[in-house]
Amino acid sequence: MPPAKRWLRQLGEDTSMSEFKTIGKNEERVDIRAKVLGSAVYAADLKMPGMLHGKIVRCYEYAHARVLSLDLSAAAAAPGVVKVLGPADVTKKAFNKSVIDLMASETSAQMLGDIEEQHIFTEHVKFYGDGIAGIIAKTEEQAEHAASLVVVEYEELPVYLTPEESGAPDAVQFTPEKPGNKAFELPDGMFPGGVLGWGDVDDAFEEADIVFEDTFYTPKQKQCQMEPNSYVALYDDEGRLNCWMSSQMPKLVHEKLARLFEMPMSMVKVTQTVVGGGFGARLGMVLEPEICAMALAVPGRPVKIQEPREEDWLTSPSRHPSRYWMKLGFKKDGTPVACDAKSVNFKGGYYLDGSALASTTGFWLQGMYRFDNLRYKGESYFTNQPVCGAFRGYGNPQTNFVLEQMIERGCVELGIDPMEWRKKWHKQVGDMSWLNATPYTSCALDECLERGAEVIGWEEKRKKYDNQTGTKRRGIGVAVGNHTSGAFPMILEQTTCTVRLNEDASATILIACSDIGQGSHTTLRQIAAETLGLPLQDVRLDTGDSDADGFDIGAHASRTLYVGGTAVMKACQDARGQLFARAAKILEADSDELDIEDKQIFVKGSPERSVSAAKICRDGIYNFMNMATGELEGEPGQIQAYISYKPDNNSPPFFSTFVEVEVDTETGEVEVLELVSSHDIGRAIHPAICEGQMEGGAQQGLGMVLTEETYFDEKGFATNNSFTDYKMLGASDMPKMTSILVENPDPYGPYGAKSVGEAGLVTPVGATANAIYQATGIQFTQGPITPEKILHAIKEKGVSYV
Amino acid sequence: MSKHAITLKVNGESYDIVVASNKTLLNVLREQLDMPETKYGCGTGECGACSVLVEDNTAINACLTLAATMDGREITTAAGLQVNGELHPVQQAFIDHHAVQCGFCTPGMIVKGVSLLEKNPDPSEEEIREGLEGSICRCTGYVKIVEAIDAAGKEMAKAAG
Chain A
1 MPPAKRWLRQ LGEDTSMSEF KTIGKNEERV DIRAKVLGSA VYAADLKMPG
51 MLHGKIVRCY EYAHARVLSL DLSAAAAAPG VVKVLGPADV TKKAFNKSVI
101 DLMASETSAQ MLGDIEEQHI FTEHVKFYGD GIAGIIAKTE EQAEHAASLV
151 VVEYEELPVY LTPEESGAPD AVQFTPEKPG NKAFELPDGM FPGGVLGWGD
201 VDDAFEEADI VFEDTFYTPK QKQCQMEPNS YVALYDDEGR LNCWMSSQMP
251 KLVHEKLARL FEMPMSMVKV TQTVVGGGFG ARLGMVLEPE ICAMALAVPG
301 RPVKIQEPRE EDWLTSPSRH PSRYWMKLGF KKDGTPVACD AKSVNFKGGY
351 YLDGSALAST TGFWLQGMYR FDNLRYKGES YFTNQPVCGA FRGYGNPQTN
401 FVLEQMIERG CVELGIDPME WRKKWHKQVG DMSWLNATPY TSCALDECLE
451 RGAEVIGWEE KRKKYDNQTG TKRRGIGVAV GNHTSGAFPM ILEQTTCTVR
501 LNEDASATIL IACSDIGQGS HTTLRQIAAE TLGLPLQDVR LDTGDSDADG
551 FDIGAHASRT LYVGGTAVMK ACQDARGQLF ARAAKILEAD SDELDIEDKQ
601 IFVKGSPERS VSAAKICRDG IYNFMNMATG ELEGEPGQIQ AYISYKPDNN
651 SPPFFSTFVE VEVDTETGEV EVLELVSSHD IGRAIHPAIC EGQMEGGAQQ
701 GLGMVLTEET YFDEKGFATN NSFTDYKMLG ASDMPKMTSI LVENPDPYGP
751 YGAKSVGEAG LVTPVGATAN AIYQATGIQF TQGPITPEKI LHAIKEKGVS
801 YV
Chain B
803 MSKHAITLKV NGESYDIVVA SNKTLLNVLR EQLDMPETKY GCGTGECGAC
853 SVLVEDNTAI NACLTLAATM DGREITTAAG LQVNGELHPV QQAFIDHHAV
903 QCGFCTPGMI VKGVSLLEKN PDPSEEEIRE GLEGSICRCT GYVKIVEAID
953 AAGKEMAKAA G
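Chains as they are written, first to last, in the numbering used here: chain A, 1 to 802; chain B, 803 to 963.
Since the hints were made in silico from the structure, they are not lab data. Careful, some of the hints might be misleading.
[What the hints assert, rightly or not] Here are the simulated lysine-lysine pairs, DSSO-like style, with alpha carbons at most 30 Å apart:
(1) B:Lys-811 - A:Lys-138
(2) B:Lys-811 - A:Lys-727
(3) B:Lys-956 - A:Lys-25
(4) A:Lys-463 - A:Lys-795
(5) A:Lys-727 - A:Lys-789
(6) A:Lys-736 - B:Lys-956
(7) A:Lys-327 - A:Lys-463
(8) A:Lys-423 - A:Lys-377
(9) A:Lys-47 - B:Lys-811
(10) B:Lys-825 - A:Lys-83
Keep in mind that this is a model prediction, so the values were computed, not measured.
Extracted from the complex, chain A is given alone in its bound form (with noise of 0.2 Å):
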């Protein structure tokens, strides 16, 4: 069972909800004022004196070659360069854009099999679009024109654009660290016999009264955050290496640009500017590594790169596409007594978190059901496509296209309703999460899917949507999912915070947790304010500066309000606790019979009695004698908390979406009607920025079903690598949507919170392709589910078109 709710003893008090200041309420957020001007500076704003620009010469000829000879010569000559760079102008140390093995031990790394792989230009191109060289000039359009003139020689090499072409035997080696171009496994020492999972799947299929099977392929789907990737870094005249850029994580980047460029991290200098969006796209380095190399060839002279949207596309990390097949077992009444899967990832050219995606993928099947008997297995493989990495979900939204399908076509083969059998067999609090490591604290998922069936109508619909006739059919799905607050016990964890109060009590709290978007810095505002009793404009927070601050992972695994708000809590739990202490003398109480409201500390119940906080701060820091007394005017010293907080819980989200659609028989087209989507939040810091991180995600998890794919011709060419060609929907291809918010305050999460971050996106993709099964029968295995297949499979299947 879990333990009594900590946050509440750790505040010292029984505040009930309602007394909350600023905690569930919807605060201004703190960046808008600037972003509605456009005052706020992204990476790409930034100008400084005697700026340079920087180009990367890519490969656009082949998606597989070894390069033999490369003639620098002519791009050196042209106008306006200041610089040619190939691979032997810049340090030859191998790297790994990916910061997720920073974050396991390195026995863990070693026994994963993270290795260290690429180069700032290659020799061996591994995708259409690899960097091969570098251009400094003048002008951006000096560079680029520099850049025309690299003369290349090449040698083909076949394309490799499946794990079964890679993978064959006599195919060419990615890296002679990974035969076989098998980029990873689950290890045996880690996960006896290569698996995750309990009891034994293969006797369990035996006692199932039915069994069934499927492979289903999740699509190579990317982030398009909205502000493409610009980077500006300088070699300055004291030696340090400045690097302004957008990373998710900037405390392991600036580690790992130390270590790349063999330098101490007091001499390389990290500025995340406002970040315009990330998805996971930025969750280790992009183009840092390169910036960084151009800045050290031209010391004192800053450089800036500035990619178009379709280099962007090439070069962050996409989600991976996979192949996942499924194996389920039932008895007759639902009970579901084995699930058997495996999924094996596209890589994509590099490594980066290879290790990661294929084993979290099957974490989240172990989080979801009560199945008697589980079995995963994970794999990658090397392909000659764009790098493949973090999006949003990390795996869990591919196990939800196919779990939540597969369970779907149980319940429908055993007449059982979908969503009574999810509410019968999803884990409960007490039960092991995924990874089977801590107990589930918290768990609103009944709520979740009871207030969202009423909303959006379930059991009249579902009722009435089965065996439809027409051309035009409905059908209403439903799906479940629960995602992860933080990466405790998986990977590191790790939030420092310096809460320093002024001399007016106005406080600053130093942290880097990013927001990219989310509205992070917003929501620690407020948990820093309701913890040190303040108003709202009294409190600032620094981040984004690498001097400044101290350790942060950075934004992913939807850990910063569940990890970062907790360090931001108890940092300020004591940095009121020391005011309060010295109030306490001044005011002859006891710390704990005192209350702050307005910057006036009081004893609780005699009003009368109080003390300015100001004053007590002020004095700390102007602490002069008092020339009558001959003693000191106040207890001297600036206060000031800190913490280096390593949380030891993890408290899970669950939520569902019903999606409602409508499918035209003749054109093959899906009209998503209306989305409705509740989430175990625990409890809403700021409920607005909440439903934004679920609206948001909704239409990334349409996407992902619908539209989203990035396309390869033969000659692994992406075919669609811009906003021109690829389908995000628009605002009015989105439906009606909805957000519930369930608030069951965890007792591991600051003032009872649990994360939204990632969570948002995954239940959609479920919920609509069940909806489109229920209104044509079939289950579409192939994502994205677009009026093609939709069309060839009501044809194949003889389903009649009206």
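Model the placement of chain B on the given structure of chain A, informed by the hints.
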């Protein structure tokens, strides 16, 4: 590259500048006039992050417009919508309805919102959504953006009496 001497009026101020034939309005605003509020998102007129207003409150894609063709024209960017330190009702509504996340599409979205309300002061939800076609937001699912524009329309109608 041939060059053209042009006069651009941006946010009420005139600028006499010389632009190369191949420079887009977006490039000139950002690089030559130091007005970074108009954003580069795709360069192909699909995302609307570069939207600016011209005289009759039509929103155009600055990334698809050659600067040399804009001689004598009046342009308003998101920064220019503020009057005497007071935000435009559409900007205020974006704040009140939390219609911003990463903020990169925001200046263009606001310009689009102003344009559609100037041309249709009482739009239905469907008309707002259609009016936002050609503007992509990857963060919000458009829910709060549509709400904000709807609310701003009502606010502007009230102010106009």
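Tested hints:
1. B:Lys-811 - A:Lys-138: The hint holds at about 29 Å.
2. B:Lys-811 - A:Lys-727: Status violated; Cα separation ~35 Å.
3. B:Lys-956 - A:Lys-25: holds, 24 Å
4. A:Lys-463 - A:Lys-795: Holds. Lys-463 of chain A to Lys-795 of chain A sits at ~26 Å (cutoff 30 Å).
5. A:Lys-727 - A:Lys-789: Holds - the C-alpha atoms of Lys-789 of chain A and Lys-727 of chain A are around 16 Å apart, at most 30 Å.
6. A:Lys-736 - B:Lys-956: This hinted pair holds, its Cα atoms lying about 21 Å apart.
7. A:Lys-327 - A:Lys-463: holds, 28 Å
8. A:Lys-423 - A:Lys-377: holds, 27 Å
9. A:Lys-47 - B:Lys-811: holds, 23 Å
10. B:Lys-825 - A:Lys-83: Roughly 25 Å between the alpha carbons, so the hint for Lys-825 of chain B and Lys-83 of chain A holds.
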